[in-house]
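Colleague: Spelled out from the first residue to the last, the chains are:
There are 2 protein chains.
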Amino acid sequence: MEILGERWTFLILHEAFHGVRRFSQIQRNLGIARNILSARLQLLVRTGILEKRRYQDEPERYEYRLSEMGRGLYPAVVAITRWGDEHLVDHDAARPVLRHSCGHAADPVLVCGHCGEPLDPRAVTPEPAAATV
Amino acid sequence: MEILGERWTFLILHEAFHGVRRFSQIQRNLGIARNILSARLQLLVRTGILEKRRYQDEPERYEYRLSEMGRGLYPAVVAITRWGDEHLVDHDAARPVLRHSCGHAADPVLVCGHCGEPLDPRAVTPEPAAATV
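Line by line, the protein sequences are chains A and B. One rule links them: number in my numbering = place in the first sequence (from 1) + 10. One rule links them: number in my numbering = place in the second sequence (from 1) + 10.
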């Protein structure tokens, strides 16, 4: 939660989901100071969200890829981004579009994995963890 | 983003989506200090996520309901909660279940609003905001 809530880590994750993996490229895209980027990347590696890999020997260069755990954050990152686009940006401003491979704007919806209905909090009841799944 | 990232505000929102609206009830459920809860509720009201309504006159008592903007955070809150349940909790521990009105565990999935396919970052291309929508 605190990782998603910090502005820079959120934006670094956002870049990662768009295939931006290299220090210099992230730095350029976000206009972030090198020491801050370095600290945030270290935090994301330490928490297991990003994995650091060497891609060049001389000079040594590293890239940062999403781990499986990191990839699991995609729905959260999309949902937060969409909410921000809808509510925090000027209402008259055109919104960025997520183009899906089906050819249409993705317009992401959270649905029940069983019946496919969009999830409404009033149609959902939390149950404590059960011994049998 | 910073609102979702702060532990208490996230948990207060979580309560709100489960219909918990009253100061005393939130306080009891979360075991949060009164002054902290009061500050967090004020912040959520100020940002337009919660709405404060009087439900009793003597003594004056208020409840806190999600605004339309606040209700829009549901997918984000669900996605973050699920990610936490999957990755931050002991793997052998039983996970809480979200029971959907269809009778099954909701197992929320983020899908393309057009074709219904689960969204995969590799199948999505962000486009800058266009002049024509």
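Since the hints were derived computationally from the structure, they do not count as laboratory data. Ideal Cβ positions, reconstructed from N, Cα and C, are used throughout, including at glycine. Hints may contain errors.
Far from chain A by the CB rule (all over 12 Å, computed), these chain B residues [said to hold, decoys possible]: (1) 17; (2) 43; (3) 63; (4) 81; (5) 89; (6) 90; (7) 93; (8) 121; (9) 135.
Across the chosen pairs, the derived CB separations fall in these ranges [unchecked claim]: (10) A/95 <-> B/114: 42 to 50 Å; (11) B/75 <-> A/96: 15 to 23 Å; (12) A/41 <-> B/65: 45 to 53 Å.
Not close to chain B: a few residues of chain A, all C-beta gaps over 10 Å, as computed [what the hints assert, rightly or not]: (13) 14; (14) 32; (15) 38; (16) 81.
Colleague: State for each hint whether it applies.
Modeller: Structure-based check of all given hints:
1. 17: violated, 6 Å
2. 43: holds, 19 Å
3. 63: It holds; residue 63 of chain B is separated from chain A by about 18 Å at its closest Cβ, greater than 12 Å.
4. 81: violated, 8 Å
5. 89: violated, 4 Å
6. 90: violated, 5 Å
7. 93: Contrary to the label, residue 93 of chain B does not stay out of reach of chain A, its closest Cβ about 5 Å off (not over 12 Å).
8. 121: violated, 5 Å
9. 135: About 5 Å separates residue 135 of chain B from the closest Cβ of chain A, which leaves it inside 12 Å; violated.
10. A/95 <-> B/114: 42 to 50 Å: violated, 31 Å
11. B/75 <-> A/96: 15 to 23 Å: holds, 19 Å
12. A/41 <-> B/65: 45 to 53 Å: holds, 47 Å
13. 14: violated, 6 Å
14. 32: The claim holds: residue 32 of chain A sits with its nearest Cβ about 17 Å from chain B, beyond 10 Å.
15. 38: holds, 17 Å
16. 81: violated, 8 Å
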